[in-house]
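Let the hints inform the model, and build the full structure from the sequences given.
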Amino acid sequence: MIVTLNEMERTCQKALRGAGAPPGIDDEGGAAAAWLEARGIPALGGLLAAMAAWDGDPSACHPERSSARAFDAGGRSAVFAGPGLAGLAAIAEAPYLEIAGLTEPRFLIPLAKTLCKDERSFFISWRHAGARIGADSGVALLGDWSAPPPGARRVRIGTECPDEELPLTCGAAEVEARYRDSLSRGLPVDENLWRKLAAYAHRTLVPASAASRAQGAGSQSSDNE
Amino acid sequence: MTQAAALSLRAPATVMRLERLGSFHQTRLSFMRSLLRRMAREGWSLTREGFDLDGRGVGTAVYAVRTPRGSVRLIAFGHELAAEDRTDRVIAERWDATFALTTAPGDDATLARLAANVPLQEAGRCSPKELVLSRANKSLRMFEAVVADLAAGRQPKPQAVSAIGYLMRTTAVYGNGKYGLSDLAHTFGGGIFSRPFEAEMLSVYLIREFSFDLVAHLARARAPETAVPLSPASKRLFGIGNATGLGMAPFLIGHPVLLHRWIAARETAIARVRALEGSDAESRARFLEIMARAIAHLAEWRTDDARLMARIETLRREIPAFRAWLIEAKVLEDAYPWNALLEESAARLSMEGQELLNSLILEPQGEVIDDLEDSLAAADETLALDPAMSLGGLADLIRRHYAWALKTDYQAPEAQHFFWYVSEEKLEPRLGARASEEGAEKEMPIAMARDAARLLAALQDLPPAMSVAEFLFQHPGYRRTVRRAQGLAGRDYGEIHDNLLGADLVAVDLLRCKLAMFGAVKFDPKSDRWTRIAMYQGAPAFEDLDPGTAGDWAFPAFLA
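Protein chains in written order, with the numbering used here: chain A, 1 to 225; chain B, 1001 to 1560.
No lab work stands behind these hints: they were computed from the structure.
The structure displayed is predicted, hence computed values, not measured ones.
Be aware that one or more of the hints could be misleading.
[Said to hold, decoys possible] Each computed DSSO-like pair below joins lysine-lysine, with the alpha-carbon atoms no more than 27 angstroms apart:
id, chain 1, residue 1, chain 2, residue 2
1, B, Lys-1178, B, Lys-1514
2, B, Lys-1514, B, Lys-1526
3, B, Lys-1514, B, Lys-1442
4, B, Lys-1407, B, Lys-1178
5, B, Lys-1442, B, Lys-1407
6, A, Lys-113, B, Lys-1514
7, B, Lys-1407, A, Lys-196
8, B, Lys-1442, A, Lys-196
[Stated by the list, open to error] From chain A, some residues computed to sit far from chain B (all C-beta separations above 10 angstroms):
id, residue
9, Glu-7
10, Glu-28
11, Pro-42
12, Ser-67
13, Ala-70
14, Pro-83
15, Ala-90
16, Ala-94
17, Pro-95
18, Lys-117
19, Leu-168
20, Val-175
21, Gly-186
22, Thr-204
Glycine is no exception: its CB is placed at the ideal position from the N, C-alpha and C atoms.
Right, dumping it as structure tokens:
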């Protein structure tokens, strides 16, 4: 099945809204999933896992803090915790924040990208993979991206490079080319994952009632003049 | 007054009230208007590559448009539609005709692919080669009357047709990645289109050409010996109708960067004309001519909607009187004549009249304002979050930019009378009454006035020096409101300055604003939640399109 970027982003955002994500987390998480998928980085599985684990507790969005730069996400997902962490990393005096037990750290990449401004750039890494992110220079992937990292990771995110030894895997030009290719061809998606997303998105819909039918916003049942 | 003073734009507090937005009329900068000027200026060609329809109008037609930057085709499928299947509602499943605007070649493979999907509309799938998906129904009485006239060798009489003003009306025009269509970034990247809704507006114009060809074809099938095609003058009588419901309304709230650019361009155009120190004889004559045409247009504009009809009646009285006054007082020969007109309009004209006058003064000033067309698009609509801002700074920002939202008591039932939601049955935005309808817990996120007030209240007891990043880390539920407030700083026309949940909301005003930006005329609300309009009525048909005619079809009138 092929979908467009617009369909991908809107469906992911609605799915998060349907799952009960806080306002704004749904917008940013959905946009981040679409950003990743459009650049050939699988995200839907991670998004669904995050929504399945979400129990409505806002603390999933703010991991426990043991110091100004150390956090413990307790196995929670960057889909929910990422927006807040990226914001703190952007203004941190320390060169980077270190977050233990964070799942789906790849979501931090597009979340941080939205905070790149002027001279502010980001580096993100987890064990064997990461990314370098700049406002003008784009996103370059570092390290081993051959398989999604299962389980929670110790993640570093900051404005100075914490893992300079990670080799360049995919330069910013190629990442951008993947996006252009997705625009022209559409995005192939797993139908099973898409059905699950659609089920979450469906929760945002309101069933018809006698009152809503009476107040229909279109023309009436027949229009034959 | 000084030129610098005249260049100042009207305050958002004035412009962005929903009642005023709901009084907008088309301008030179409206999308249909600028598209036709561009087509004529760049010498676009139109070729009917195929017209394989039978005597009932069933079959396929292909229209190729060639521009200096590439080609697109409108593929039209004509269908037979039973009377009981004809509805303008978005949930309809069959239509008189369905359309796709595509960058694909008009070969058999493309036609077969589109024939299997386009007639299904939402139930089919397009590809990124398709830019726009649409459908239209005939205006039955009008369509049949015109076919009968043409079959008898007659042109339709303006008195008989101008009130309806279209042969077909679209019930949906989809773009931007919906149903598999090209994403907007891809459409813009293709090189032909670079302005908002430009591909959609071209589709509608080509559907209008198809409607002309279809009535001629059916007349010829009925009476091959006597039938005549529509003349270029007759074609101007007909635009394309459209029925627009609440589905369009949340767009303005969901695209605040775009809304800002549209309104800022319009307000900048008005300010530039106000700043003109004098007027030459040509622009004075042109203005008086277009004003006379607008007066005739008002006489032909009718609606069953009591609220709008009362406004039209007021316009019919006040605009001729205003024209008589400005001629008598020779205002246009004074210094800063356009500014003087607008200043006087505040005292003499209704809000509808003031906004009509704003549109009219722009008409003779293409050289002064037409470059603003290129400022209407927003390549990046991202609202940037500033995590380093202090909460004190954020609170100041909200007090400055959302003062209009902070006066309302959102605990009062009337302040949250409505909620916006997406209907499971229609998959379209709807308005519900919070007290009496289910589903308020699923309301759409468009209540910016209420949310800004809630955010400010949440900031009251927090340290002003705390960063936005720290606040949002601890209170993630305010992310959307904070991002929007910060991202719209400096984009003063991005918010509608009204409570869109309030009991006094007139939702059709949202539609009027957007449709006026498109270039629609003859607004005809059928309730407070949907409206009929005409698009391209008065515009030259393609055979009649040149740089002269392309710029001179505003406020059409046919009966004078």
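Now the hints, each set against the structure:
1. A C-alpha spacing of about 19 angstroms is found between Lys-1178 of chain B and Lys-1514 of chain B, which places the hinted pair at or below 27 angstroms, so the restraint holds.
2. For the hint pairing Lys-1514 of chain B with Lys-1526 of chain B, the CA-to-CA distance comes to about 17 angstroms; that is within 27 angstroms, so the pair holds.
3. The hinted pair formed by Lys-1514 of chain B and Lys-1442 of chain B meets the criterion: a straight-line CA distance of about 25 angstroms does not exceed 27 angstroms.
4. In summary, the hint linking Lys-1407 of chain B to Lys-1178 of chain B is not supported, as the alpha carbons are separated by about 39 angstroms, beyond the 27 angstroms threshold.
5. Proximity of Lys-1442 of chain B to Lys-1407 of chain B is assessed by CA-CA distance (about 26 angstroms); at most 27 angstroms being required, the pair is judged to hold.
6. For a cut-off of 27 angstroms, the pair hint linking Lys-113 of chain A to Lys-1514 of chain B is broken: about 32 angstroms separates their Cα positions.
7. About 43 angstroms separates the Cα atoms of Lys-1407 of chain B and Lys-196 of chain A, which puts this hinted pair outside 27 angstroms; it is violated.
8. Simply put, Lys-1442 of chain B and Lys-196 of chain A have alpha-carbon atoms about 19 angstroms apart, close enough for the 27 angstroms limit, and the pair holds.
9. With 10 angstroms as the threshold on Cβ separation, the claim that Glu-7 of chain A sits away from chain B is violated: the shortest Cβ distance comes to roughly 6 angstroms.
10. The Cβ of Glu-28 of chain A sits about 7 angstroms from the closest Cβ of chain B, inside the 10 angstroms cut-off, so the non-interface label is violated.
11. Distance check for Pro-42 of chain A against chain B: the nearest CB is about 20 angstroms away, which clears 10 angstroms, and the non-interface claim stands.
12. In this structure Ser-67 of chain A is separated from chain B by more than 10 angstroms, as the shortest Cβ-Cβ distance comes to about 14 angstroms.
13. Ala-70 of chain A, annotated as away from the interface, keeps every beta carbon of chain B farther than 10 angstroms; the closest lies near 14 angstroms.
14. Not every Cβ of chain B is farther than 10 angstroms from the Cβ of Pro-83 of chain A; the closest lies at roughly 6 angstroms, contradicting the non-interface assignment.
15. Look at Ala-90 of chain A: its CB is around 5 angstroms from the nearest CB on chain B, not clear of 10 angstroms, so calling it non-interface is violated.
16. Its beta-carbon lying about 13 angstroms from the closest one in chain B, Ala-94 of chain A satisfies the requirement of being farther than 10 angstroms from that chain.
17. Once the 10 angstroms rule is applied to beta carbons, Pro-95 of chain A is consistent with being away from chain B; the minimum gap is 16 angstroms.
18. Here Lys-117 of chain A does not stay apart from chain B, with its beta-carbon only about 7 angstroms from theirs, under the 10 angstroms limit.
19. Annotated as non-interface, Leu-168 of chain A keeps its C-beta farther than 10 angstroms from every C-beta of chain B; the closest such distance is 26 angstroms.
20. The claim that Val-175 of chain A lies off the interface holds: its Cβ sits roughly 15 angstroms from the closest Cβ of chain B, which is beyond the 10 angstroms cut-off.
21. A beta-carbon of chain B comes within 10 angstroms of the beta-carbon of Gly-186 of chain A; the shortest separation is about 6 angstroms.
22. In this structure Thr-204 of chain A is not separated from chain B by more than 10 angstroms, as the shortest Cβ-Cβ distance comes to only about 6 angstroms.
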